[in-house]
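Asks: The lines below spell out each chain.
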Amino acid sequence: MNYPEQLRYSAEHEWVAVDGNRARVGITDYAQDALGDVVYVQLPDVGATVAAMETCSEVESTKSVSDVYAPVGGTIAEVNEALGDAPERLNQEPYGDGWMFVIEMSDPSELDRLMDATAYRQLVEEQ
Amino acid sequence: MSDPWRLVDDLGGGLDAAEQMAADVALLDEVAAGALPALRLYRWSPPALSLGRFQPDDDVDSVACRHYGVEVVRRPTGGRALLHGADLTYAVAMPLTAVGPARDSVDARYRLVAGALVAGLAELGVDAAVARTGGAPGPVCFAGQQGADLRVGERKLCGSAQLCRDGAVLQHGAILLDRLEFDETDVLRGTDPGVARERLRAATVTLHELGAPVAPRLVAGALVRGFERSLDVRFNSRLEVEG
Numbered sequence: 287m288n289y290p291e292q293l294r295y296s297a298e299h300e301w302v303a304v305d306g307n308r309a310r311v312g313i314t315d316y317a318q319d320a321l322g323d324v325v326y327v328q329l330p331d332v333g334a335t336v337a338a339m340e341t342c343s344e345v346e347s348t349k350s351v352s353d354v355y356a357p358v359g360g361t362i363a364e365v366n367e368a369l370g371d372a373p374e375r376l377n378q379e380p381y382g383d384g385w386m387f388v389i390e391m392s393d394p395s396e397l398d399r400l401m402d403a404t405a406y407r408q409l410v411e412e413q
Numbered sequence: 002m003s004d005p006w007r008l009v010d011d012l013g014g015g016l017d018a019a020e021q022m023a024a025d026v027a028l029l030d031e032v033a034a035g036a037l038p039a040l041r042l043y044r045w046s047p048p049a050l051s052l053g054r055f056q057p058d059d060d061v062d063s064v065a066c067r068h069y070g071v072e073v074v075r076r077p078t079g080g081r082a083l084l085h086g087a088d089l090t091y092a093v094a095m096p097l098t099a100v101g102p103a104r105d106s107v108d109a110r111y112r113l114v115a116g117a118l119v120a121g122l123a124e125l126g127v128d129a130a131v132a133r134t135g136g137a138p139g140p141v142c143f144a145g146q147q148g149a150d151l152r153v154g155e156r157k158l159c160g161s162a163q164l165c166r167d168g169a170v171l172q173h174g175a176i177l178l179d180r181l182e183f184d185e186t187d188v189l190r191g192t193d194p195g196v197a198r199e200r201l202r203a204a205t206v207t208l209h210e211l212g213a214p215v216a217p218r219l220v221a222g223a224l225v226r227g228f229e230r231s232l233d234v235r236f237n238s239r240l241e242v243e244g
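Sequences listed follow chains A and B, in order.
To convert, note that position 46 of the first sequence is 332 in the numbering used here; the numbers rise steadily by one, no gaps.
To convert, note that position 186 of the second sequence is 187 in the numbering used here; the numbers rise steadily by one, no gaps.
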């Protein structure tokens with residue numbers, strides 16, 4: 287299982303890559319493994335406002351629909367349209383081309399509630 | 002002793018297709034809010050075609066659905082189209098904590114419920130097993146198999162799907178009791194009726210064809226006992242006996 291050091295993590299198994307006021311979000315390697323083969327990704331609308339820990343996306347794998355939450359609040363600035371034709375990227379490159387959306391953060395201090403790689407690894411391994 | 006599960010007996014009917022799906026989602030939301038886990042058992046009348054959460058509307062032949070008197074409803078769960086009417090449908094809602102350490106694993110959740118269903122079907126003399134991945138891609142649920150499903154031999158008997166949110170999971174699925182006089186290939190587009198019907202029939206099996214009991218309350222009773230034994234749970238009420 288892969289836990290890149292430079293990312294922040296939510297307890298709901300999303301990762302966040304911070305660049306200034308923008309937070310790029312995807313699901314973790316652990317999450318994609320638990321979901322199995324992803325066959326569909328429902329992305330949020332660009333411009334939509336999301337609150338931290340609010341559902342903002344859904345993925346389908348093995349006939350199972352799972353919510354994906356916004357790890358931080360703000361406005362959806364960008365979505366990974368390529369997932370429409372290639373949802374399997376969530377499985378193949380969860381931290382790379384499988385990114386899901388970018389949030390323009392309304393309150394970057396919400397990042398403080400997220401875990402670093404060490405804490406997240408511990409959370410996963412304790413389950 | 003752990004908390005009991007709720008048993009919701011909707012075998013008597015009275016709900017339309019949209020209400021059936023709303024009832025399943027309500028179970029999930031109740032459990033997510035702290036209510037006891039639940040098993041709901043129900044049938045569909047009139048027949049209904051349920052579509053997967055993200056399945057295109059274009060898959061449906063609306064004219065044919067009207068002709069056959071079939072309601073069309075979208076499931077909150079994944080997967081493809083399933084024709085209800087000759088099936089017994091179950092819905093389970095439980096907190097992810099009930100699944101144990103592997104609670105985040107979609108397959109582990111399917112396996113847990115499959116164990117209960119297999120135990121229930123065994124009471125009816127049916128030797129079911131978790132399906133292997135395979136079958137034809139396309140709009141028809143029962144034409145393909147995944148780890149979510151149950152098979153007897155190589156033929157699919159039960160198709161299931163899930164919705165997971167807010168720390169709880171809803172899994173529902175249909176066990177084929179018998180066949181209607183028409184099937185999915187009659188009410189969906191993009192299927193060559195002749196070829197697809199043959200393939201669908203060859204890929205599926207019903208309790209009737211297996212020589213097992215098909216009376217809904219008898220089958221439902223066996224499933225309840227399967228859940229009790231396999232998951233070591235007790236229910237807070239009993240099914241009404243066959244009237």
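Worth flagging that the hints you see were computed from the coordinates, not collected in a lab.
A quick note: this is a predicted structure, and the numbers were derived from the prediction, not measured.
Mixed in with the good hints there might be a few duds.
[What the hints assert, rightly or not] Beta-carbon label-pair distances, calculated as ranges:
#1 Glu-411/A / His-68/B: 52 to 62 Å
#2 Gly-70/B / Gln-292/A: 22 to 32 Å
#3 Pro-194/B / Asp-323/A: 48 to 58 Å
#4 Arg-226/B / Gly-306/A: 37 to 47 Å
#5 Arg-112/B / Pro-290/A: 28 to 38 Å
#6 Asp-179/B / Thr-404/A: 40 to 50 Å
#7 Arg-198/B / Glu-374/A: 30 to 40 Å
Don't be surprised by glycine CBs; every beta carbon is placed ideally from N, CA and C.
Asks: Each hint should be assessed against the structure and marked as holding or not.
Replies: Comparing the hints with the structure gives:
1. Glu-411/A / His-68/B: 52 to 62 Å: Given range 52 to 62 Å: holds, Cβ gap about 56 Å.
2. Gly-70/B / Gln-292/A: 22 to 32 Å: Violated: the Cβ-Cβ distance is about 58 Å, outside 22 to 32 Å.
3. Pro-194/B / Asp-323/A: 48 to 58 Å: 30 Å, violated
4. Arg-226/B / Gly-306/A: 37 to 47 Å: Roughly 59 Å apart at Cβ, these two residues miss the hinted range, so it is violated.
5. Arg-112/B / Pro-290/A: 28 to 38 Å: 30 Å, holds
6. Asp-179/B / Thr-404/A: 40 to 50 Å: 56 Å, violated
7. Arg-198/B / Glu-374/A: 30 to 40 Å: 31 Å, holds
Hint violations for this structure: numbers 2, 3, 4, 6, all remaining hints satisfied.
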